[in-house]
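Using full-length UniProt numbering, read the sequence shown as starting at 1 and increasing by one per residue.
Just so you know, the hints here were simulated from the structure itself, not pulled from any lab data.
Possibly wrong hints are sitting among the right ones.
As the list claims (entries may be wrong) - Estimated spans, in silico, between C-beta atoms of each pair: (1) Ala162 / Glu103: 32 to 42 Å; (2) Arg209 / Phe47: 23 to 33 Å; (3) Val237 / Glu2: 49 to 59 Å.
C-beta: ideal position from N, C-alpha, C; glycine also.
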Amino acid sequence: MESGLYVVATPIGNFGDMSQRAVDVLRQVDLIAAEDTRHSRRLLQHFGIDTPLMAYHDHSDDRALRRIRGCFEAHESVALVSDAGTPLVSDPGYRLVRCVQDEGHKVFPIPGACAAVAALSAAGLPTDRFLFEGFLPAKRGARENRLQALRTESATLIFYEAPHRIVDTLEALVEVFGPTREAALAREVTKLYETIRRSPLSTLAQFVREDNNQQKGEIVLLVTGASARESELDADVASLLIRLAQELPARRAAAVVAEHTGLRKKQLYDYLLSLK
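Given the sequences, and given the hints that come with them, work out the whole structure.
Listed below in structure tokens is the structure:
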């Protein structure tokens, strides 16, 4: 094989999604650098691949990097794999790819499964523009601040989320984006207990809250982008308006915010109507 770093996508749950090219590359390279060798060894054993395996992630020490560099100095080839899916998509590898390129070696992408793209393809949400956000902050305040910054984004939003945080995240999405914003849950994609469900955020939150099985496994959350009307309002103004509308009639809430911001009352009232 040509010397270089081969970034190899692996299945996200179904071994049948492994491409023949990926199998061939993993058999022919001189070394495989894996995020978790215990996890990757099961994949290699399934396909009868006995290539030497080492652990590598973005926090690996200099010894790991020296071993990989040694391969390139000997004009050998190295494959990079993550636990599942495409490396570098919310997974380790970014620093290694930069280092390899900066030292004049080639990087070859071997495409395949990606949980975010697979979920998007089956979610039933707009796909012409999307924004991958990875994992939201674990702490409540930081998470809500990040969602506030995304509230007026018009592209479909894609998040990964941990099972033990999925209920809290959905409740935060309802609070910030409103109960009627359409969203989709894609859980255990390509696996035995795959779930793909699209509904308004409030309905989706209730579904997950009431079914403990939906709080397990690998989870992708997708949220429809803001409408043109939503995007016109500043995030802080929109948040204040929504909060007031929970306590006051929509016209009164719009009037109060208009008085304090100088915005047109009709614009604010129409915004509230668009959320219903």
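Can the suggested window of 32 to 42 Å be confirmed for the beta-carbon pair Ala162 and Glu103?
holds (35 Å)
message: Quick check: does the Cβ-Cβ distance between Arg209 and Phe47 fall within 23 to 33 Å?
response: Violated, at about 40 Å.
Assuming the hint says 49 to 59 Å, is it satisfied by the Cβ distance from Val237 to Glu2 or not? holds (56 Å)
In this structure, the one hint that does not hold is number 2.
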